Amino acid sequence: MSEMRVVGVRVELPQNQPILLLRETEGERYLPIWIGSVEATAIALEQQGVRPARPLTHDLLKDVIGALGRNLEQVRITDLQEGTFFAELVFDGDVRVSARPSDSVALALRVGVPIHAEESVLAEAGLIIPDEQEDEVEKFREFLDSVSPEDFRGADT
1 MSEMRVVGVR VELPQNQPIL LLRETEGERY LPIWIGSVEA TAIALEQQGV
51 RPARPLTHDL LKDVIGALGR NLEQVRITDL QEGTFFAELV FDGDVRVSAR
101 PSDSVALALR VGVPIHAEES VLAEAGLIIP DEQEDEVEKF REFLDSVSPE
151 DFRGADT
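Residue numbers for the sequence shown follow full-length UniProt numbering, so the first one is 1 and each next one is one higher.
One or more hints might be untrue.
Across the chosen pairs, the derived CB separations fall in these ranges [said to hold, decoys possible]:
(1) R5 / W34: 10 to 20 Å
(2) D79 / I19: 10 to 20 Å
(3) N71 / V11: 27 to 37 Å
(4) G69 / E28: 35 to 45 Å
(5) G49 / V11: 32 to 42 Å
(6) A67 / I129: 33 to 43 Å
(7) T25 / T84: 17 to 27 Å
(8) P114 / V64: 13 to 23 Å
Don't read these hints as lab results, they were simulated from the structure. Just so we're clear, the structure is a prediction, and the values are computed from it rather than from any experiment. The C-beta atom is built at its ideal place from N, Cα and C for all residues, glycine as well.
Work out the full structure: start from the sequences and follow the hints.
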């Protein structure tokens, strides 16, 4: 199991599909996960420190967890089956709840808990970016600094 950090979210063209990019904190593998635009917006807002006037779903879930007296301890990306990633929320008392990785990461960022990925998931879907592609990672970081939540809205909103 490897601890991961959120590099950010970008939109993959031409499909306009958001991608969550994670990287091992003590390694060189990246884990790209295709996610929905709502979750991409929730992650981007939290990374940018934007506080909406009313709580978003992930903010609400954080508040509900606290109101119930529970503690989220970590998020785990546990499996990859036929191109679909699976995750779980791990609470105090080893209570586990199955969840989508995108929702799990959005919640983990709000609560401030670690994100881990199973070795089997990293072995199957992890990418090592060669040194000559480090410029691409820097461009991605620059993109993340300039992206706004509105960039993730679909054409029909």
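Hints versus structure:
no. : hint                   : in the structure
1   : R5 / W34: 10 to 20 Å   : holds (19 Å)
2   : D79 / I19: 10 to 20 Å  : holds (19 Å)
3   : N71 / V11: 27 to 37 Å  : holds (34 Å)
4   : G69 / E28: 35 to 45 Å  : holds (39 Å)
5   : G49 / V11: 32 to 42 Å  : violated (21 Å)
6   : A67 / I129: 33 to 43 Å : holds (41 Å)
7   : T25 / T84: 17 to 27 Å  : holds (25 Å)
8   : P114 / V64: 13 to 23 Å : holds (21 Å)
Against the hints set out earlier in the document, a violation occurs for number 5 only.
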